[in-house]
Amino acid sequence: MSADDASIEANDNFDESPLEPEVLPVDAWHRAHGARMVEFAGYWMPVQYEGIIAEHLWTRDHAGLFDVSHMGQLMVSGEGAAEALEALLPGDISALKPGRQRYSLLLDEAGGILDDLMVTNRDDHYYLVVNGVTKWDDIAHLREHLPDEVTLNLLDEHGLLALQGPESAAALGSLGLRPAFDGMPEVTDLRFMQASAYYRGDVPLGVSRSGYSGEDGYEISVPAQDIAALADALCARPEVKPTGLGARDSLRLEAGLPLYGHDLSPETDPVSAGLGFAISKRRRAEGGFMGAEPVLAALVNGTPTTRVGLAVQGRQAAREGALVFSGDHPVGRVTSGGFSPSLNHPIAMAYVATTHAPEGTALTIDVRGKRLPARVVSMPFVPHRYFR
Amino acid sequence: MTTYYTKDHEWIAVEGDTGTVGITDYAQGQLGDITFVDLPEVGNAVKQGEAPCVVDSVKAASDVYAPVSGEVSDVNEALGDAPELVNTEPESGGWLFRLTLADAGQLGALMDRATYDEYVKGL
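Chains A and B, in that order, give the protein sequences. Residue numbering for the first sequence is 0 to 387, as defined by numbering that gives the first Met the number 0. Residue numbering for the second sequence is 0 to 122, as defined by numbering that gives the first Met the number 0.
Treat the hints as calculated values from the structure; they're not laboratory data. Mixed in with the good hints, there may be bad ones.
Some chain A residues judged to face chain B by a derived CB distance under 7 Å, without partners named [said to hold, decoys possible]:
# : residue
1 : M74
2 : G245
3 : Q315
Label-pair distances were calculated between CB atoms; the ranges are [claimed, not checked]:
# : chain 1 : residue 1 : chain 2 : residue 2 : range
4 : A       : A361      : B       : Q47       : 39 to 45 Å
5 : A       : A361      : B       : T87       : 32 to 38 Å
6 : A       : G301      : B       : L122      : 49 to 55 Å
These figures come from a predicted structure and were not determined experimentally. Yeah, the Cβ is synthetic: ideal placement off N, Cα and C, and Gly gets one too.
All chains should be modelled from the sequences, with the hints used to inform the complete structure.
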């Protein structure tokens with residue numbers, strides 16, 4: 000028996016470093032909770048505790064706690080930080096109000112995607128959460144292009160926990176967090192893509208109402224030495240269970256959310272990736288961000304390929320790299336795919352020729368010489384349930 | 000009936016000239032939740048080391064190798080509706096396929112239970 004397809008364990012295209020993987024600040028906590036640890040993004044990460052399907056379904060019904068401390072947490076501060084970020088990101092950063100968060104992209108000159116990220120206006124600085132696999136490249140890119148008066152700091156003494164699922168607010172709301180500033184919202188009153196600062200006892204927490212599962216939930220930035228206590232307090236709640244990277248991947252796939260290094264890369268652009276919403280109206284009119292020329296042209300002219308969702312017939316999963324056909328003609332390639340625990344059939348994301356991208360288009364996917372019937376469906380596969 | 004094990008974590012239970020093939024409890028634990036089993040066709044000839052069967056988990060697709068050469072004589076149809084049997088009963092109800100052995104001499108190179116258990120401990 001041997002695994003030979005794309006998998007979290009065996010295949011991380013973006014991590015070819017011969018260095019020993021790093022350990023998360025609470026590596027021991029994961030192992031004590033029965034995690035199977037695998038190498039991902041240069042870290043030993045918990046891929047599952049009791050099982051991916053159980054953790055996935057638990058998160059959809061209750062709340063799952065994910066340790067995503069491998070991700071890069073960056074602070075951008077100084078005079079002109081918004082304008083400096085706008086030179087690199089297509090989002091309307093200067094219109095982002097304090098306490099608000101936005102999804103954005105780091106683009107190269109050709110409009111290729113260097114990373115996708117979250118930007119939060121924390122009043123005295125911008126707080127960025129970038130992917131673990133790309134964080135060092137992102138930092139190099141930002142350092143190269145940000146002006147001297149703008150400061151970039153990596154919050155490497157902080158971990159990041161994600162609490163996801165419909166019972167997240169009940170769980171986090173029970174921990175007695177108090178707003179760091181008078182007049183700021185209680186953690187249960189935050190809306191989707193809002194963020195604020197809190198204290199739990201004397202521990203400062205940066206909390207946003209966001210995540211990567213399609214469910215209501217939070218991401219919590221916490222000093223590394225306080226992660227274990229916070230994770231313990233959350234997991235002491237009956238609605239919360241520790242949840243691994245495996246379920247994080249199946250949840251985000253069902254939510255139609257692309258994964259960097261798989262569905263997004265320097266070879267993909269925001270328009271073919273279906274991320275045009277990340278290019279704000281003002282930036283479309285004014286341009287002035289790296290990659291603006293090709294990206295704005297693509298917005299007008301369309302792109303030859305488009306990221307689509309595919310519902311696969313049967314039970315056999317189509318995975319990253321599988322070719323997509325219309326009749327005998329190859330028309331695209333799967334960028335991520337797997338079995339959907341919530342829908343009980345396989346689903347996939349693929350880039351296909353835009354002529355074959357309309358909803359309902361019948362296609363086939365080559366999996367080990369067999370042609371699996373598939374149909375283009377709108378994403379998300381499972382509806383989002385954010386708290387707006 | 001004697002059961003033999005491979006380094007790739009297949010087992011084969013042999014009775015007369017028929018061998019029943021599955022994956023070990025260790026293997027299913029490594030794979031996690033099994034969502035689909037692509038079974039071979041009855042009547043197909045398979046050679047030792049070929050992969051007539053694929054087990055899909057949430058994470059990955061994995062080849063199952065034939066521990067010995069032979070002709071597929073039966074497959075576990077129950078796995079069509081209940082692939083999770085490979086997780087819950089890997090070394091009994093979650094069997095995958097049966098072979099009519101071509102050369103019983105090939106069994107000699109496989110491990111017995113005690114040797115396999117030692118092998119897994121060392122992984």
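Now for the hints, and whether the structure bears them out:
1. Taking 7 Å as the C-beta contact cut-off toward chain B, the hint placing M74 of chain A at the interface is violated, the least distance being around 35 Å.
2. Here the hint on G245 of chain A is kept, as its CB sits about 6 Å from the closest CB of chain B, short of 7 Å.
3. With 7 Å as the threshold, the beta carbon of Q315 of chain A comes within range of chain B, its nearest partner Cβ sitting at about 5 Å, so the hint holds.
4. Checked against the hint of 39 to 45 Å, the C-beta distance between A361 of chain A and Q47 of chain B comes to roughly 40 Å, which is consistent with it.
5. The supplied range of 32 to 38 Å is met by A361 of chain A and T87 of chain B, whose beta-carbon atoms lie about 36 Å from each other.
6. Separation of G301 of chain A from L122 of chain B is about 51 Å and conforms to the stated range, judged on CB atoms against 49 to 55 Å.
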